[in-house]
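Trainee: Here is how the chains run, residue by residue.
2 protein chains.
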Amino acid sequence: MNYTFSNKISGVKPSAIREILKMSSDRSVISLAAGNPSPDAFPVQAVQKISAEILSEDPILALQYSVSEGYTPLREKLCTLAREHYHAMGAEDDLIVVSGAQQGLELSCKVLCNEGDTLICEDPSFVGALNAFRTYGVNLAGVAMEEDGISIGKLEEALKKEKNVKALYVIPNFQNPSGITMSLEKRRAVYELACRYDVIILEDNPYGDLRFEGEALPPIKSMDTEGRVIYCGSFSKILSPGLRVGFVCANKAIIGKLVVAKQCADVHTPILSQLICDRFLSEYDLGKHIEMLRDIYRKKCALMLGEIEKHFSPKVAYTRPQGGLFVWCTLPQGSDMPEFCRRAVTDYKVAVVPGTAFLADESAPTTSFRLNYTTPPDEQVVRGVEILGKLTREFCAD
Amino acid sequence: MNYTFSNKISGVKPSAIREILKMSSDRSVISLAAGNPSPDAFPVQAVQKISAEILSEDPILALQYSVSEGYTPLREKLCTLAREHYHAMGAEDDLIVVSGAQQGLELSCKVLCNEGDTLICEDPSFVGALNAFRTYGVNLAGVAMEEDGISIGKLEEALKKEKNVKALYVIPNFQNPSGITMSLEKRRAVYELACRYDVIILEDNPYGDLRFEGEALPPIKSMDTEGRVIYCGSFSKILSPGLRVGFVCANKAIIGKLVVAKQCADVHTPILSQLICDRFLSEYDLGKHIEMLRDIYRKKCALMLGEIEKHFSPKVAYTRPQGGLFVWCTLPQGSDMPEFCRRAVTDYKVAVVPGTAFLADESAPTTSFRLNYTTPPDEQVVRGVEILGKLTREFCAD
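In the order they appear, the protein sequences are chains A and B.
As numbered in UniProt numbering, residues 1 to 398 make up the first sequence, in order.
As numbered in UniProt numbering, residues 1 to 398 make up the second sequence, in order.
Chain A on its own, in the form it takes in the complex (with noise of 0.2 angstroms):
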């Protein structure tokens, strides 16, 4: 037969990064192109532990259907957890376990937009968000970044344009892809702005933890007085993305929204990952965790700028993350940005991802690209950079 699809998901393309993943898939080349925490990183004899622990005590509870809102301890402890540690939960609100904030994003899409309404984002952006409210049908308006964060300006600008503005969507720490983080000044612009033009803001804060220099900067939903910031928090970075176990904090009338999105979506987040994570945070110490987390992260990052600064062409730009997975390399205006990546991959075997991968309009010129210092050994991270750097001179020479 010939196959009508609906409107919504009929212009959404496969990710672009996942098509650069599968040719990172060949041994033979060295991907700087994931967004996948570093292997180190994962507590491999804690998860051991707990799994058995769980499945010997009670494995009925781990293999039968469990309720929408999430297993009812580790909700209690992670509402603690965002009141106590991320500032991010208000009397007036409640919390959802979702499967990875990815589903926080897009369930929220959902529950808020219709179709042909506008949603706010910052240029670049994480794609994978993009992409979800793609297959909404929603119209994306993209703001620039500046180095620290959102340009306010042109926020306001976007704010008065756009037509049915529901939501914008930011990420204030180590931002994929840029690194960038949004200063304090700004994430009280961005609240007032918010609250001036009546939209919500759409918070995703799935690195924050991953800070490895300068002050920790509170969440703009700690700022929330008016119940307009939806909070999404997760595991993925901190413990295990396989587990995929998220939350969203948000006002109760949302999070009863999500929980009926949620329930139409998978019934539940898989509760032998809910308990994993459960059992995580009441025996292990979280805090110390993040501590180790933060070395390897920080060494990692240190090791790949060492590396740009050494063999990059000084015209190339690039970020200096305080925290994350991602730098943001920028090549001189006009230069082949896609011919760049595709050499790259093709003749010397690195891969990285092209900048129009993360744009509210992908069609837009940009001669950006993103590295990521996380999952590779750090032999990698110096080999890749190495051949990358002889690239950027080609492509740099005059």
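Quick caveat, the hints were computed from the structure, so don't treat them as lab data.
Take these hints with a grain of salt, some might be off.
Which copy? The list can't say, so a pair holds if one copy fits it or any two copies do.
[What the hints assert, rightly or not] Quick list of in silico lysine-lysine cross-link-like pairs, DSSO-like style, CA-CA up to 30 angstroms:
{"id": "1", "residue 1": "Lys8", "residue 2": "Lys163"}
{"id": "2", "residue 1": "Lys8", "residue 2": "Lys160"}
{"id": "3", "residue 1": "Lys390", "residue 2": "Lys252"}
{"id": "4", "residue 1": "Lys8", "residue 2": "Lys310"}
{"id": "5", "residue 1": "Lys252", "residue 2": "Lys310"}
{"id": "6", "residue 1": "Lys163", "residue 2": "Lys13"}
{"id": "7", "residue 1": "Lys160", "residue 2": "Lys77"}
{"id": "8", "residue 1": "Lys13", "residue 2": "Lys161"}
{"id": "9", "residue 1": "Lys154", "residue 2": "Lys349"}
{"id": "10", "residue 1": "Lys288", "residue 2": "Lys154"}
{"id": "11", "residue 1": "Lys299", "residue 2": "Lys8"}
{"id": "12", "residue 1": "Lys8", "residue 2": "Lys161"}
{"id": "13", "residue 1": "Lys288", "residue 2": "Lys160"}
{"id": "14", "residue 1": "Lys22", "residue 2": "Lys252"}
{"id": "15", "residue 1": "Lys252", "residue 2": "Lys13"}
{"id": "16", "residue 1": "Lys8", "residue 2": "Lys49"}
Computed from a predicted structure; not experimentally measured.
Once you have looked at the hints, place chain B on chain A.
Mentor: This is chain B only, laid out in the frame that chain A set:
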């Protein structure tokens, strides 16, 4: 702030079953309202052994990000199973692993239907699927069930009358909630009508393996020469619902769209859940395990039917399922079924699900209610049916 939610989510209420299940979390209530597998049916020792092996042999694989299509070795095993055991995989088909068949149904609706499109369903039908469809703003058109499955005459009327019909949703084996199995003739007739009116069939088969009486019938998917059947299968009733692992077989073009939607929904199904299913398939005898399940379900169903026969007013009609989890009871025309269900749980502490919960139009009149025989222990089945029996005699007094 004042919240404005999307039109598609605003009309969907939390499932009525959930509300009843909340009441039945009161330990003194005997719940015949659930839809859970029997706890006796879980292969606890196997899962304990398998999990320990996975986490000691390849912990990074179990904790790291994975691919949206599903873990490749599991997908390969499921393709073989779908081809040889379920007869649900054609030459042009592909397979995706999803977070329970619920996600397969929800994503299928997302990729197929625009808001306002029509989806035809059996009436009554599985409320989880109906609610998922409602969250995409589709128009649900219910077609009455007969003893041997959906009414073919009324189905053709609906196909003629309804506008923009995209798909027909059916559960041919031991349907939820009715327990009815669609005859072979009707399976053929349904497929022919789908071809004639050019609609997709969404075939949901969570209970197919749980046949404890009569001969297995081929799925509609086995007759699919045109690539118009999307087949949803699940590990929920044969291994564990808590793991949230299901699969969808359909034409490659459809699976391609489902992969995009899945990536946006939750990146991938938790990999530990997938690895447990994968290893269960390679290390254990699925056929033997299913035989054990059938014995449990056969006994539990016979127990409930025997007690119904003993205690219910002869004016109550009920189905005699050949498999699955449910018995569908119907009070005489004109009975106040909602009041029956209310009094059962509040006065007599026995929870059942009112039939309205399963209707495409929840405000339509019905005198039916659903009973589950798999979740409660035997003594609660006996006691619960005895109590309900008294209440049926009260409601059918004259």
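Trainee: A separate judgement is required for each hint: does it hold in the structure or not?
Mentor: Hints and how they fare:
{"no.": "1", "hint": "Lys8 to Lys163", "in the structure": "both (19 angstroms within a copy, 20 angstroms between copies)"}
{"no.": "2", "hint": "Lys8 to Lys160", "in the structure": "both (26 angstroms within a copy, 26 angstroms between copies)"}
{"no.": "3", "hint": "Lys390 to Lys252", "in the structure": "neither (54 angstroms within a copy, 41 angstroms between copies)"}
{"no.": "4", "hint": "Lys8 to Lys310", "in the structure": "neither (46 angstroms within a copy, 54 angstroms between copies)"}
{"no.": "5", "hint": "Lys252 to Lys310", "in the structure": "neither (52 angstroms within a copy, 47 angstroms between copies)"}
{"no.": "6", "hint": "Lys163 to Lys13", "in the structure": "both (25 angstroms within a copy, 29 angstroms between copies)"}
{"no.": "7", "hint": "Lys160 to Lys77", "in the structure": "neither (40 angstroms within a copy, 54 angstroms between copies)"}
{"no.": "8", "hint": "Lys13 to Lys161", "in the structure": "within (27 angstroms within a copy, 35 angstroms between copies)"}
{"no.": "9", "hint": "Lys154 to Lys349", "in the structure": "neither (38 angstroms within a copy, 61 angstroms between copies)"}
{"no.": "10", "hint": "Lys288 to Lys154", "in the structure": "neither (40 angstroms within a copy, 65 angstroms between copies)"}
{"no.": "11", "hint": "Lys299 to Lys8", "in the structure": "neither (43 angstroms within a copy, 47 angstroms between copies)"}
{"no.": "12", "hint": "Lys8 to Lys161", "in the structure": "both (24 angstroms within a copy, 26 angstroms between copies)"}
{"no.": "13", "hint": "Lys288 to Lys160", "in the structure": "neither (45 angstroms within a copy, 65 angstroms between copies)"}
{"no.": "14", "hint": "Lys22 to Lys252", "in the structure": "between (41 angstroms within a copy, 18 angstroms between copies)"}
{"no.": "15", "hint": "Lys252 to Lys13", "in the structure": "between (34 angstroms within a copy, 15 angstroms between copies)"}
{"no.": "16", "hint": "Lys8 to Lys49", "in the structure": "neither (44 angstroms within a copy, 44 angstroms between copies)"}
Against the hints set out earlier in the document, violations occur for numbers 3, 4, 5, 7, 9, 10, 11, 13, 16.
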